[in-house]
Amino acid sequence: MLLSKNTKVTFLFLLIGFVSFIFADFSISTLEPFLELKKFSFSIFQMDFSQIPDLFPALLNTISIAVVAMFFATIFGFLLALVFENFFVRTTLAFTRAIHELFWALIFLQIFGLNTLTALLAIIIPYSATLGKVYAEILHEHDTYPEELKGNSLVSYYLYTKIPDALPHLIAYTLYRFECALRSTAILGFVGITTLGYYLSSSFMQGIYSEVWLLLILFYIVIATIRLWLTKYSVGFIVIASFFYLDEFPTINIDNFIRFITNDIIPHPIRTDAGVEKTVEWFSNIFTNEIIIGVFNTILLTQIALVLTAILTLVAFPFISFKFTNKFGRIISHIFLVILRSTPEYILAYIFLQMFGPSMLPAALALMLHNGAIIAFLMGQQTNELNLRVDVTKKKNELYFYEVLPRIYSQFLAFLFYRWEIIMRESAILGILGVATLGFFIDSAIADFRLDKMMLLLLVTALLNIAIDIISRKCRSYLKVEQSITSCGCDLK
0 MLLSKNTKVT FLFLLIGFVS FIFADFSIST LEPFLELKKF SFSIFQMDFS
50 QIPDLFPALL NTISIAVVAM FFATIFGFLL ALVFENFFVR TTLAFTRAIH
100 ELFWALIFLQ IFGLNTLTAL LAIIIPYSAT LGKVYAEILH EHDTYPEELK
150 GNSLVSYYLY TKIPDALPHL IAYTLYRFEC ALRSTAILGF VGITTLGYYL
200 SSSFMQGIYS EVWLLLILFY IVIATIRLWL TKYSVGFIVI ASFFYLDEFP
250 TINIDNFIRF ITNDIIPHPI RTDAGVEKTV EWFSNIFTNE IIIGVFNTIL
300 LTQIALVLTA ILTLVAFPFI SFKFTNKFGR IISHIFLVIL RSTPEYILAY
350 IFLQMFGPSM LPAALALMLH NGAIIAFLMG QQTNELNLRV DVTKKKNELY
400 FYEVLPRIYS QFLAFLFYRW EIIMRESAIL GILGVATLGF FIDSAIADFR
450 LDKMMLLLLV TALLNIAIDI ISRKCRSYLK VEQSITSCGC DLK
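Numbering (numbering that gives the first Met the number 0), first residue to last: 0 to 492.
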């Protein structure tokens with residue numbers, strides 16, 4: 000019997016996931032993990048709301064950095080979208096967005112120090128690259144006008160036809176990206192920037208879980224109410240207010256930047272004229288002891304998280320579909336998924352790290368919950384749009400396996416592959432928490448002030464992400480489920 004393309008791809012990825020599980024380290028090193036989990040869970044009832052005024056500066060700092068960073072990223076991203084067809088631009092943006100914003104923050108810490116400029120650049124650079132790519136895709140999808148209407152003026156064509164037609168989708172994606180910027184800005188606190196993540200990290204280390212819950216709930220409220228406080232009437236005021244709030248920018252020392260690019264990141268043997276043999280030995284040592292291990296563990300964690308994300312999605316999406324669940328169940332499930340997708344993977348992993356100790360388990364759980372919540376939400380929407388036959392079965396299990404799942408399975412795989420690159424980026428960065436992925440070795444190189452090794456490992460990380468993105472596109476093309484960014488939902492990128 001001939002297997003379908005969907006079945007072949009599913010079997011292949013399940014096989015890779017199963018092999019990855021064999022090599023994975025899922026050990027629990029804490030003495031009483033579930034007691035700690037219970038302590039964390041019940042501390043939500045011990046929150047002291049009188050602390051909110053003390054936490055407000057961190058909340059405002061998080062919002063202000065995200066607003067200012069998105070202001071510049073949107074401008075740069077749109078300009079880059081206009082020249083995205085250029086091969087050099089596409090390649091540069093692919094490399095730029097492949098490096099996680101937390102890695103960018105660690106780079107700029109070495110140049111500008113621990114300040115607002117470091118935080119802004121860490122968001123602006125990768126987000127400009129991402130926005131440039133997606134804006135270009137959206138504009139390309141709206142290139143539907145006949146040649147005679149395009150005229151001789153490219154500027155007029157964009158201003159009066161293409162951009163107005165694509166504007167709703169451009170705005171929708173920008174709003175989603177702003178939500179991502181808030182999450183990214185929050186986790187910058189884990190490297191010392193005074194955002195919510197800074198206080199989260201401090202509260203965790205002190206075991207003050209009630210304060211952790213208070214910070215998380217404040218963050219959820221901000222995320223959930225974005226469309227209420229960020230409107231076309233308020234956006235101008237919020238941008239200006241954010242600039243004023245972040246008015247203390249450090250004086251840029253150009254000498255630090257020049258030293259960084261001409262000395263610090265140049266391989267040590269080349270910098271000291273040690274010769275070709277020493278340079279090869281330097282690279283060989285890093286390749287053998289760090290790159291191979293880091294790449295192996297990053298891929299291992301990525302593939303495990305991908306399979307776990309798929310399982311969680313298939314289990315969760317019926318709970319937010321009116322074809323399977325009543326209104327009350329959908330509301331509860333929707334709130335639960337919103338909380339999971341609003342919590343950055345890094346914070347989720349940090350929480351599980353306190354419960355279970357350092358291993359792949361905290362990272363895999365965090366990646367599964369965050370990405371599974373995103374895809375489950377989109378799958379639920381897809382299910383709601385299906386038109387079922389009049390004589391369709393009333394049994395929920397038969398409806399799921401024989402009617403709904405076969406019709407949306409191809410799209411499910413497409414959504415999963417869209418998130419694959421994101422999962423890879425997060426798998427690398429979660430190494431900072433103790434898993435021996437590429438992020439672990441990058442963090443160690445920075446701690447030892449071996450910035451030449453850091454840059455080499457970042458290059459490997461970027462190339463690995465680009466490779467996954469290419470494979471993902473090939474898979475979607477093979478399955479013939481390549482769908483437009485505007486139709487498949489902005490939440491995927």
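Just so you know, the hints here were simulated from the structure itself, not pulled from any lab data. Take these hints with a grain of salt, some might be off.
[To be verified] In silico DSBU-like pairs for lysine-lysine, Cα to Cα no more than 30 Å straight-line:
id, residue 1, residue 2
1, Lys394, Lys4
2, Lys161, Lys322
3, Lys231, Lys4
4, Lys161, Lys395
5, Lys7, Lys326
6, Lys479, Lys4
7, Lys326, Lys395
8, Lys394, Lys473
9, Lys7, Lys479
10, Lys322, Lys277
11, Lys4, Lys395
12, Lys394, Lys161
13, Lys7, Lys322
14, Lys394, Lys7
15, Lys395, Lys479
16, Lys277, Lys326
17, Lys161, Lys231
18, Lys473, Lys4
19, Lys473, Lys393
20, Lys322, Lys231
21, Lys393, Lys37
| query | Can the restraint linking Lys394 and Lys4 be considered satisfied, given a maximum Cα separation of 30 Å? | reply | Answer holds: Lys394 to Lys4 is near 28 Å, not above 30 Å.
| query | Within a Cα-Cα threshold of 30 Å, do Lys161 and Lys395 meet the stated pairing? | reply | 45 Å, violated
| task | For the pair supplied as a hint, Lys473 and Lys393, confirm whether the alpha-carbon distance does not exceed 30 Å. | result | Distance of about 38 Å is beyond 30 Å: violated.
| Holds or violated: are the alpha carbons of Lys395 and Lys479 at most 30 Å from each other? | Satisfied, since the Cα-Cα distance of roughly 29 Å is no more than 30 Å.
| Lys394 paired with Lys7 [C-alpha distance capped at 30 Å] | Given pair Lys394, Lys7 holds - Cα atoms ~29 Å apart, limit 30 Å.
| said: For a C-alpha distance cap of 30 Å, please report whether Lys7 and Lys479 respect it. | reply: 14 Å, holds
| query | Within a Cα-Cα threshold of 30 Å, do Lys473 and Lys4 meet the stated pairing? | reply | 13 Å, holds
| message | Given the hinted pair Lys394 and Lys473, is their Cα-Cα distance within 30 Å? | response | 37 Å, violated
| Within a Cα-Cα threshold of 30 Å, do Lys277 and Lys326 meet the stated pairing? | It is violated: about 67 Å lies between the C-alpha atoms, which goes past 30 Å.
| message | Against the 30 Å threshold, does the CA-CA distance of Lys322 and Lys277 hold or violate the hint? | response | 66 Å, violated
| field | Satisfaction of hint between Lys322 and Lys161, Cα-Cα up to 30 Å | value | 38 Å, violated
| field | Given pair status - Lys161, Lys394, alpha carbons within 30 Å | value | Violated, at roughly 47 Å.
Of the numbered hints listed earlier, those contradicted by the structure are 2, 3, 4, 5, 8, 10, 12, 16, 19, 20 and 21.
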